[in-house]
Amino acid sequence: MLNFKKVRLMTKIAVYEKKDGKEDIHLSKYYKTDYVRLQVLKSIISVTVGYGLIIAMILFYKMEYLVRNAITLDYKLIGTYILGFYLMVITLYGLGSFLGYSMKYDASRKKLSRYFKLLKRLEKVYNEGTRES
Amino acid sequence: MMQLLEFRERVKNFYQRYDVYLIPVMKFIFAFIAFQMINKEIGYDARIKSLPIVLAISLLSAFTPSAIMVLLAAIISVLHVYFISPILSIIVFVIIMILYLLFARYTPKQGYVLLAVPILFLLKIPYVMPILLGLVSTPVAMVPTSCGVIIYFLFQIIKTAVTKEINISIEEIVQLYTHVIDSLTGNRQMIMTIVVFALIIMVTYFIRKMSFDYAYEISILAGGLTTILGFLISYMVLNISNLILGMIFGTIVSIGIVYAIHFFRLTLDYSGVEYAQFEDDIYYYYVKAIPKISVTVPQVNVKRINTRGREFSEPDMDDTGEISDYSPDYESDYDYSDEDDSN
Numbered sequence: 001m002l003n004f005k006k007v008r009l010m011t012k013i014a015v016y017e018k019k020d021g022k023e024d025i026h027l028s029k030y031y032k033t034d035y036v037r038l039q040v041l042k043s044i045i046s047v048t049v050g051y052g053l054i055i056a057m058i059l060f061y062k063m064e065y066l067v068r069n070a071i072t073l074d075y076k077l078i079g080t081y082i083l084g085f086y087l088m089v090i091t092l093y094g095l096g097s098f099l100g101y102s103m104k105y106d107a108s109r110k111k112l113s114r115y116f117k118l119l120k121r122l123e124k125v126y127n128e129g130t131r132e133s
Numbered sequence: 134m135m136q137l138l139e140f141r142e143r144v145k146n147f148y149q150r151y152d153v154y155l156i157p158v159m160k161f162i163f164a165f166i167a168f169q170m171i172n173k174e175i176g177y178d179a180r181i182k183s184l185p186i187v188l189a190i191s192l193l194s195a196f197t198p199s200a201i202m203v204l205l206a207a208i209i210s211v212l213h214v215y216f217i218s219p220i221l222s223i224i225v226f227v228i229i230m231i232l233y234l235l236f237a238r239y240t241p242k243q244g245y246v247l248l249a250v251p252i253l254f255l256l257k258i259p260y261v262m263p264i265l266l267g268l269v270s271t272p273v274a275m276v277p278t279s280c281g282v283i284i285y286f287l288f289q290i291i292k293t294a295v296t297k298e299i300n301i302s303i304e305e306i307v308q309l310y311t312h313v314i315d316s317l318t319g320n321r322q323m324i325m326t327i328v329v330f331a332l333i334i335m336v337t338y339f340i341r342k343m344s345f346d347y348a349y350e351i352s353i354l355a356g357g358l359t360t361i362l363g364f365l366i367s368y369m370v371l372n373i374s375n376l377i378l379g380m381i382f383g384t385i386v387s388i389g390i391v392y393a394i395h396f397f398r399l400t401l402d403y404s405g406v407e408y409a410q411f412e413d414d415i416y417y418y419y420v421k422a423i424p425k426i427s428v429t430v431p432q433v434n435v436k437r438i439n440t441r442g443r444e445f446s447e448p449d450m451d452d453t454g455e456i457s458d459y460s461p462d463y464e465s466d467y468d469y470s471d472e473d474d475s476n
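The listed protein sequences derive, respectively, from chains A and B. So in this note's numbering, the last spot in the first sequence is 133, and the numbers never skip. So in this note's numbering, the last spot in the second sequence is 476, and the numbers never skip.
Extracted from the complex, chain B is given alone in its bound form (with noise of 0.2 Å):
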């Protein structure tokens, strides 16, 4: 556990040291990732799948906010499958024009999850989104998790939609159609996906928000049990048990990297140095404001009455006299309480 810590403090110390370049590093892998999936799921046009054209998407992905990466997701997806059928083309974008326009504009913070949910999918390890969410953010969440939930299941349905042959004449298409729309509605596996997500996003929730020790890491355990019984249910209401073994396998795996992403995040997130310029009358100011707390564990404070020798912490003050937050919480406030580098 020891050395764990200390890996966690060399990764911070780094991360302080060069977060300029690692955000946009990261950035790039992922849409790497994401778009390389894309195109060995659905890749039917030759000229996007590319390497060129793959790396100058995930390059300007890298730079731009994560919102853009979803697009030209969306955009190359569209594409895609607009080489092989327009037809179908045109329902895949209907359809996430619906999800876009009544659900996903609504939670714009979260329109990364719409492109993860399917990602994670393909990498057989969808439950690890559920489980982050309830961890890191609302309930909220719920939507755009099922808004992916329906974009990955829409396009498998498109992926077996495309092998049939196509004329144009007007029967065919409105078939095709019919079969698309049927399949989406019709789809118990989907629905049943949705409504474990959603469930297991408020278990998660709900026990972390639990004023106990290690709520959080309860929480996660909690949430994966959630998954596994959840979706064992499911397959066996819909008679899919071959994908058993697989599921819980990927719930351990997700339940593992929600883990470290917990282990790292609080020191990241926390740790972020923020780099601010402004001038007064006199200088002109750059400054590296680089946090001074090194809070490694949500501290949650149970406060237990007719207990003896218990200490609690005072709340931190900084030198303007106000409490400074450090509430877990995804969204919660910066202090900073201290600046380093200024001339």
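Bound-form chain A, shown alone (with noise of 0.2 Å):
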């Protein structure tokens, strides 16, 4: 005999796996701080080469100048501009993917809460199967 209870839960629970659930099954194995600091790691590496392409290429632009006055550049004051500027933009890359990431962590929990629940559901629906049969 087929338990339409059963099959019913069982749909959605295959439903929410197979779409939103397996981001946040995924997300589910690390534990907060993890997941959030791998990702701020993630974005802090990205910014920092994305940064150093725009650095790149303002050089390049400047270098008919560069070369120009390479002698009487200051150095020490370019370096500290590109220093103070990187250390800004990975401020705010940083806070915002971690204000960022830690919104989707908790949102994915409250999401898969739901799912447990539906699963705690399927198993009493399967024990008192079991009880009867």
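Be careful, since some hints might not be right.
These stretches of chain A come out as covered by chain B in the derived footprint (C-beta under 8 Å, 3 or more residues) [as the list claims (entries may be wrong)]:
#1 7 to 16
#2 39 to 50
#3 57 to 69
DSSO-like mimics (lysine-lysine), calculated; alpha carbons at most 27 Å apart, straight line [said to hold, decoys possible]:
#4 A:K117 x B:K421
#5 A:K62 x A:K76
#6 B:K242 x A:K104
#7 B:K342 x A:K104
#8 B:K297 x A:K62
#9 A:K111 x B:K242
#10 B:K421 x A:K42
Listed next, with one range per pair, are the computed distances between beta-carbon atoms [what the hints assert, rightly or not]:
#11 B:A200 x A:L59: 23 to 33 Å
#12 B:L365 x A:Y75: 44 to 54 Å
#13 A:G129 x B:L212: 51 to 61 Å
#14 B:I438 x A:I58: 58 to 68 Å
#15 A:Y31 x B:R238: 16 to 26 Å
#16 B:S302 x A:I55: 18 to 28 Å
#17 A:I55 x B:H312: 12 to 22 Å
#18 B:K342 x A:G96: 20 to 30 Å
#19 A:Y31 x B:L371: 45 to 55 Å
#20 B:Q410 x A:G129: 14 to 24 Å
#21 B:S344 x A:F98: 28 to 38 Å
#22 A:G129 x B:M135: 40 to 50 Å
#23 B:V370 x A:I58: 25 to 35 Å
#24 B:S183 x A:L92: 44 to 54 Å
Honestly, the hints are just simulated from the structure, not real lab data. For glycine and all other residues, C-beta sits at the position ideal for the given N, C-alpha and C.
From the two separate chains plus the hints, produce the assembled complex.
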């Protein structure tokens, strides 16, 4: 005999696992701190690369000027500027991704708790079924 | 109107029955149009331009996630440019990398916007994108839209830059590079477009979020109005009046397209049939879950205090006692309260 209540529950669970659930379940393998730290690290790395590319483009753009004034340039000042902007950008992106990914993790946890509720209900249906037979 | 609704119902039924095949076909058509447009615009390399290759990559992107399509389009564009000028292709590559690393990677779900905005620009209806994104997404969509605008203008500049004769001397390279960067950063039309697009997304989004009847329809119109006004002002400031007529016409067409999408969206979005496979100790189940709801218009309930004779619909309850979520947001939950075909 088909237990329709069970089928209904299982379908819900299966569909969730197939769609949104995939990411949520993947996220649930991390602790929040680990996940957020990893994402912040990732975005810091990507921002560093992006910033490096921008600096490279600017340097290339100014190359003529740089080559002409190679001796008289104040390298210390340029270095401080580059570093200062870098620190600013890093802080901005780090904070932003910290907040963003924390929120994302919490949201996925919320969805996941609904999923666990369904699982628990399924378990109950299972137990009822085994008791009857 | 009745006929239209009937037509929508028919489309819905058709979609429900064949959505497994329809989605790849639609993706194939979009990919094909996109790649053909790229080839038409910057098709310098005849090898990539040939029809079998275009068909092959369109087919590939029909069955893979949309990110692959965007990636393929980027690779093809860079290769086309590489064929005629390696230096320019490096510039394009670096700029795309910067856009990705600093901005686009934070909105992975809207990666397709990066491709869609330039393509719609070429089709003369770029206004579809901001209005649509305001309708279905959040203001975060400004990020990929701006990147898309930058990519479009970048390729416009590249198109003029490749006509310049290049010898492989350092000075020429620097000159070319300076020309590209100058025209990119000094492009006031591009900056204006980014600002206006951001404004359109905001206006459409906030009006759609308001709670009065027909908020969606009004937000589309308001988005269109913002488009016309914004670009009118920006074209006046920039003194390019020859684009105004095309812009107004394009906006009207865009409003029509967005309205059509909106008309079908909820039905199609909510009627996606789900196929699920699972097993227990006794059976294998191959379940086709068809949502029962036939929500046609987003139900905005305006609560009026002190008016008589107004009924409110109860929130729908499914058998689990949870209140199902029918909020018209794109990312809202589905409700699979009933299943058919269980064997």
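So, going through the hints one by one against the coordinates:
1. Counting residues of the region 7 to 16 of chain A whose beta carbon lies closer than 8 Å to any beta carbon of chain B gives 8, which reaches the threshold of three, so the coverage claim holds.
2. A stretch counts as covered by a chain when three or more of its residues have a beta carbon under 8 Å from one of that chain; for the region 39 to 50 of chain A and chain B the count is 5, and the coverage holds.
3. Check result for the region 57 to 69 of chain A against chain B: holds, 5 residues qualifying (beta carbon to beta carbon below 8 Å, three or more required).
4. About 23 Å separates the Cα atoms of K117 (chain A) and K421 (chain B), which keeps this hinted pair within 27 Å; it holds.
5. Distance hint between K62 (chain A) and K76 (chain A) is fulfilled; the C-alpha atoms sit about 17 Å from each other, no more than 27 Å.
6. The hinted pair formed by K242 (chain B) and K104 (chain A) meets the criterion: a straight-line CA distance of about 14 Å does not exceed 27 Å.
7. For the given pair, K342 (chain B) sits about 22 Å from K104 (chain A) by alpha-carbon distance, which is consistent with the 27 Å threshold.
8. Distance hint between K297 (chain B) and K62 (chain A) is fulfilled; the C-alpha atoms sit about 21 Å from each other, no more than 27 Å.
9. At most 27 Å may separate the alpha-carbon atoms for a hinted pair to count; K111 (chain A) and K242 (chain B) meet this at roughly 18 Å.
10. With a C-alpha separation of about 40 Å, the suggested pairing of K421 (chain B) with K42 (chain A) is violated against the 27 Å cut-off.
11. In this structure, A200 (chain B) and L59 (chain A) meet the distance hint of 23 to 33 Å, their C-beta atoms being roughly 32 Å apart.
12. Between L365 (chain B) and Y75 (chain A) the C-beta distance comes to about 49 Å, which sits within the given range of 44 to 54 Å.
13. Checked against the hint of 51 to 61 Å, the pair G129 (chain A) and L212 (chain B) passes, with Cβ atoms roughly 60 Å apart.
14. At roughly 60 Å, the beta-carbon separation of I438 (chain B) and I58 (chain A) lies within the given 58 to 68 Å, and the hint holds.
15. For Y31 (chain A) and R238 (chain B), the Cβ-Cβ distance of about 23 Å falls inside the hinted range of 16 to 26 Å, so the restraint holds.
16. Range check, S302 (chain B) to I55 (chain A): about 25 Å between beta-carbon atoms, so the 18 to 28 Å window is met.
17. For I55 (chain A) and H312 (chain B), the Cβ-Cβ distance of about 20 Å falls inside the hinted range of 12 to 22 Å, so the restraint holds.
18. A hinted range of 20 to 30 Å holds for the C-beta pair K342 (chain B) and G96 (chain A), which are about 23 Å apart.
19. Against the hinted window of 45 to 55 Å, the Cβ-Cβ separation of Y31 (chain A) and L371 (chain B) comes to about 52 Å, which satisfies the hint.
20. Taking the beta carbon of each, Q410 (chain B) and G129 (chain A) are about 21 Å apart, inside 14 to 24 Å as hinted.
21. A C-beta distance of roughly 33 Å is found between S344 (chain B) and F98 (chain A), which places it inside the suggested range of 28 to 38 Å.
22. In this structure the hint that G129 (chain A) and M135 (chain B) lie 40 to 50 Å apart at CB holds, the actual value being about 49 Å.
23. Distance hint check for V370 (chain B) and I58 (chain A): the Cβ-Cβ separation is about 28 Å, which falls inside the suggested range of 25 to 35 Å.
24. Distance hint for S183 (chain B) and L92 (chain A): a CB-CB separation of about 46 Å, consistent with the stated range 44 to 54 Å.
Comparing the model with each numbered hint stated earlier shows that hint 10 is the single one that does not hold.
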